[in-house]
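Peer 1: Using the hints, position chain Z against chain A.
These protein sequence lines are chains A and Z, in that order. Numbers 58 to 565, taken from the numbering used here, label the letters of the first sequence in order. Numbers 831 to 1716, taken from the numbering used here, label the letters of the second sequence in order.
These are computed hints drawn from the structure, not numbers from a lab. Nothing here was measured: the structure is a model prediction, and the numbers come from that model. There could be a bad hint or two in this list.
Below, computed lysine-lysine pairings styled on DSS-like, alpha-carbon distance capped at 30 Å [said to hold, decoys possible]: (1) Z:Lys950 <-> A:Lys522; (2) A:Lys216 <-> Z:Lys1318; (3) Z:Lys1429 <-> A:Lys216; (4) A:Lys234 <-> Z:Lys1462.
Which chain Z residues stay away from chain A? Per the calculated CB distances, all over 10 Å, these [as the list claims (entries may be wrong)]: (5) Arg1124; (6) Val1156; (7) Arg1193; (8) Ile1316; (9) Phe1605; (10) Gly1625; (11) Pro1628.
Virtual Cβ for every residue (Gly too), placed ideally from N, Cα, C.
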Amino acid sequence: MSAILWKDTKKNMRDLIKHTPAYYAVEAEFSEVPKEGYVTTDQKYFTYYLKISAVEEYKEQESIFLKRKTGLKSVLKIESAREVDPISLGEFKKGSKRVKEFEDFMTADRVQAKMEEKSAYAEALAPEVKQVMEDARGLGYELPVSVATELASKRGGIKKNVYDKVLGEIDRDIQVKSIDPYEAVGIIAAQSIGEPGTQMTMRTFHFAGVREMNVTLGLPRLIEIVDARRIPSTPSMTVYLNKDIEEDEEAVLKVVKELENTTIIDVADIITDVAEMVLTIKPDQARMRERLVLPSDLAQALEKMKGITVIKGETEDNVIVKPQQESFKKLYQVQEQLKELTIKGITGIKRAIARKQNDGKWIIYTQGSNLKDVLQLDEIDSTRTYTNDIIEIANVLGIEAGRNAIFRESANTLAEQGLIVDQRHLMLVSDMMTFSGTVRAVGRQGISGRKSSVLARAAFEITTKHLLRAGLLGEIDPLTGVAENIIVGQPITLGTGAINLIYKGNSK
Amino acid sequence: MTGGISKRINRIQFALLSPEEIRKMSQVKVITADTYDDDGYPIERGLMDLHLGVIEPGLKCATCGGKVDECPGHFGHIELAMPVVHVGFIKEIKTFLDATCKSCGRIKLTDDEIASYRKKFDAMSLSSSDPEIIGLMSKKVTDEASQRMVCPHCGVQQVKVILDKPTTFREEGIKVTPKEIRERLERIPDDDLIFFGLNKEVARPEWMVLTVLLVPPINVRPSITLETGERSEDDLTHKLVDIIRISQRLRESRDNGSPQLIIEDLWDLLQFHVTTYFDNQTAGIPPARHRSGRALKTLVQRLKGKEGRFRSNLSGKRVNFSARTVISPEPFLSINEVGVPEKAARELTVPLTVNIFNLESVRNFVKNGPAPRDEFGKYLPGVNYIIRPDGRRIRVSAQNAEENSKRVEVGWVVERQLMEGDIVLFNRQPSLHRMSMMAHTVRILPGQTFRFNLAVCTPYNADFDGDEMNLHIVQKEEARAEARIIMKVQEQIMSPRFGGPIIGGIHDHITSLFLLTHENPLFTEEQMIHIMSYVNPEKTPVAVVKNGKRYYHGRDIFSAVLPDGLNLKFTSKLCASSKAKCEYESDPADKEVVIVNGKMIHGTIDETAIGPFSGIIIDKIFRKYGPAEAAKFIDRMTRLAVGFISQRGFSTGIKDYDIPENAVSRIKEISDEATVRINKLIETYREGMLQPAPGRSVEETLEIEILSVTGGARDESGKVASAYLGLTNPSVIMARSGARAKMLNISEVAGMVGQQSVRGGRLNRGYYGRTLPHFKVDDIGGKARGFVKSSYKSGLDPLEYFLHSIGGREGLVDTAVRTSRSGYMQRRLINAFEDLKVDETRSVQDTIGTVIQFKYGEDGVDPTRSERGETVDLDYLIFDAEQEVQ
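Chain A with its partners taken away, still in its complex shape (with noise of 0.2 Å):
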């Protein structure tokens, strides 16, 4: 069912939300009766949602809503109209192609994320496994499914009585391995961190697979990834491509080049003439044909540039802009406009280096990232493309996400230096730092500066400025966790501290 998208101004959809259900007069004639409409007010984001329920020709009449004053020939019958969450111009599909350019009155289709439904996993598991547990219930065991599969795989050579030892061995075994309560994981999960952060090396740069791509690694990347920078020192993206375009170099190459962000001045010279009051754009052929620019894309970015009128220059190539404005100030404000307008690609995404893998499959690797807009390609493999931008997979994927990407994150920049720590404490510092719904930085700013107890704050930073705070409101310090207990002298509240163990004696 397709839907048509308009652009209107918040005064007018305001009025008509209100009105609902009420005729609303545009300027477009429509061939069949749309059901739906989505409208814009900068035409990017989408933010209203309308019903519609028929269409007529216009004629004036009263009690109307009118989307402009004058060319006015249908009126739709809106039976309700609603404010929603935005909805990207690229969630929008026209016949099987995403909807690059926002057009008034323009028929598309949204599209959605199909959203399955697991099937239960128990159910999903393969008969070897369901077995392997059935015979350990047999027993009086209970298996985790990881353990189980894992048995099935190996079944084979195994004798009976063997078999039936195993599993009992299984089930003592996780009893015995289970973590004791009031244990400490914190401080183990830190300290399991940075010890190993003595040992790793400092050079911030590192070649991973693709010899022309810097990456942080190390203690860097490790210090990066705690204290959640917006933005990481080297932004990167692993760019995954549909499977059926995967090993065509040629169409790999082709979503290199629409990748690849390139502003003017990646291809050419400025130059101001402040006499004439010009700008002139001299295109480098080298660097123009590297980056697989044309003189016609250079046109086609420069038409879209408000406020500029573009003359041909004397020389075949050279592109001369001039300001409508007359004005040094307008001349300056062009300039850098020009220098940084995009000619094609996605902004962000400085480069894009495509690699062929062993399986003869190509990937994409980029320097910079903009997950947001790399997603709504066509070509790429949403499911498997990356960022290492932890703080853009949360805002862009949820944060869930954002969870999994400091795990992972962290995982590798520790195993490619060739420390072994244990996941789990990987993920303790991933729980720790996202279970708020926000991702939140170990340190002043984050974790330590929303602890609960004054004390255990004023000890960390910032000293005076909390204990001044708490004077006005009065807070209460309830003397839970460590530092503050350590600070009064008395013994902790975790591990043996924990609980209280009191010899009664003989009653008498």
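Peer 2: Same frame as chain A, but now just chain Z:
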């Protein structure tokens, strides 16, 4: 938190002090700016008034009558002539002035707004909610109120108040005096305070403008007497003197009706002194200085930072009953033991509370006096002090020992010197993980150093190049029990970081056992007995008879330290890389180490078997037989290793790196080839023919290419060299067994040192366009950029040597930077995670009960006990079960 500990602070509430409260808690109103009179006696109503506490022996506190160490000190107060603002609350005062009406004092919100906001604020309690959220909410409300220029309550036109940092407020350019500010703040009704994040129960806004200043007790600011007899006052006292002096002058000037200008100047000066009394690093005013020019350390400076009260004295404390000295190795100690020098043992004591059961034995200790020895001159524990139930300490000397032993009764405490078997804590800084502090049992040894088994070096990260370590004597029975059960070295064999052993054989242990088991050599009975004499084994190896003589296999000797019933199969480090057949083993079966029922059948013992981090045998013994058995194995294994290597002998020298003439010339060829290829690359580059790699500039591409050429050259020369250095070479044995060094280091010695680098690239800094003046400008050839063709053995030429030092320096700098950076990261991590704990249901919670994980680590398994992270080790369980069923 009830019960258990008889007294426990349940909670602490913070509040502001009101002037009334300050006067109430004050013992004396200080009016004299002087401290002591000419006789050195405290001046009455001065800053050192006897009511404020005593610091001099002999004097008694005028308030509580206590002597030094008994009197906790008491507060006094200063009545300021004019009010001044408190620097710490400047921002808050500004918000108050902005958001309330200057005439009626109400918050500038309409009644409707007040009602709707009040609902939101009432929903949470100020004293226990997240201060951050309260801050954000009140900021929103006060910002809105500040915008309004007409008071909705009384309709008075408002004037913008500007803060002239740090402490002056101006209204349309005219200064608003603290007195006026205070008057305005007084007008604000209690009910409006909540919108400013102020708890009306504990604070009033006008208290942020001071009229009375609290004078801290003398104990907080003791004066010190220098050797010259001169008295030197504390920084705080200096500051208080200034405040009183100015306050008095201000009062006089005001009362005599001095010109307004003079009064204002004095008032500003008073404000300056009070400001710097609180915080001497306030932005915008010069710090108050001591006569010597040193900036004074006032209240904020005392609390703040690493050397501040919080981090230095409250979060960390100095302790008694501790010792520190240099450490040295002692292979004949168990891993659970620590050797303590007699001298230290005589000073360190364990308190024994006398009861009816130990009365006799304790009296015996006392009778022995402070330095007893047995008939052979061996150390016996004595007693330094006995403590009577009233707390008096009596020094025990050789003379009064006999007499004192009779006086000891039930209820007394006797401080007995350290004796063998006492449990102590042993620690090496930096304490990066919990294995940095472990419990040991004491062995009293002659000498001056602490000694311990070499296997324990790894968890402490200690070596013996002058390292010092700390020893703490545990003073309470509960603590001793915890130390013994939780902290003992054998309990810490498994690292919580990766679920494997962190204690294991090192260096010579690995070399030795490698030599003992590789190719399973035969030993004569005498040799076997010599080796075994180090071990004290439970089993003896089985002999094989050859030519009528009894011989013993190396693996059988090793088996003597393995516990019965141990079944194990794994690949040794030696054969880890080889897939089908192991090039180093003559018998294909030796590719895997096989141990059945505590008897080693195949393979070679090396790092993988007994080393720290990897030690599979230690790992499995710990899991199957427990910590005590694992400790026993490590003790015996290290002793066996020491026994064997001292019997066999092991050494390496420069001759071990000799390689034949043709190999040397082959290496020369390789390095020449590399030079030629580098030059060719440079030539191509200079001609502009070098194709840049995608995404790289031509220069970068050239560097990458050259680096790969030099890297290849070093690898190749290493290969050539090591082809002549087989497993008979001691260095190769050490490298292959994992004892020390890598093959790379050997090829550096025998083959070629290779390319030196800084920041992952070739050396390029120094003189203009070159690294040293010996090269031509813009020479980017191999040698000029740090390609070292020589080997360590042949020696580096002067230029190579210099360039090599450049590369070496980077490593040193790197280490220095790294320790500080990772130290800070760890501090932040610990601080953020210290409060987390697992509860009975294995879920992870923080202090206020927020669930962080529903099941710890998703499976509830302790990483310490996990199989290197895995829940169970199925292969081992199956192998073990198979062996046991047979």
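Peer 1: Would you mind marking each hint as holding or not holding in the structure?
Peer 2: These are the hints, each one checked on the structure:
Only pairs whose Cα atoms come within 30 Å are accepted, and Z:Lys950 paired with A:Lys522 is accepted, the gap being roughly 25 Å. Note on A:Lys216 and Z:Lys1318: the hinted pairing is violated, with a Cα-Cα distance of about 41 Å set against a maximum of 30 Å. For the proposed pair Z:Lys1429 and A:Lys216, the alpha carbon gap of about 24 Å is at most 30 Å, so the pair holds. The straight-line distance between the Cα atoms of A:Lys234 and Z:Lys1462 is roughly 22 Å, inside the 30 Å bound, and the hint therefore holds.
At roughly 21 Å from the closest C-beta of chain A, the C-beta of Z:Arg1124 stays outside 10 Å, upholding its exclusion from the interface. Interface exclusion of Z:Val1156 from chain A stands, the closest Cβ pair being 23 Å apart, more than 10 Å. Taking the minimum C-beta to C-beta distance to chain A, about 27 Å, the non-interface status of Z:Arg1193 holds against the 10 Å cut. The Cβ of Z:Ile1316 sits about 8 Å from the closest Cβ of chain A, inside the 10 Å cut-off, so the non-interface label is violated.
At roughly 26 Å, the least C-beta separation between Z:Phe1605 and chain A is larger than 10 Å, which holds for a residue marked as non-interface. For Z:Gly1625, the requirement that its beta carbon stay farther than 10 Å from each beta carbon of chain A is met, with the minimum near 29 Å. Every CB of chain A lies more than 10 Å from the CB of Z:Pro1628, the least distance being 28 Å, so the non-interface label holds.
When each numbered hint is compared with the structure, violations occur for hints 2, 8.
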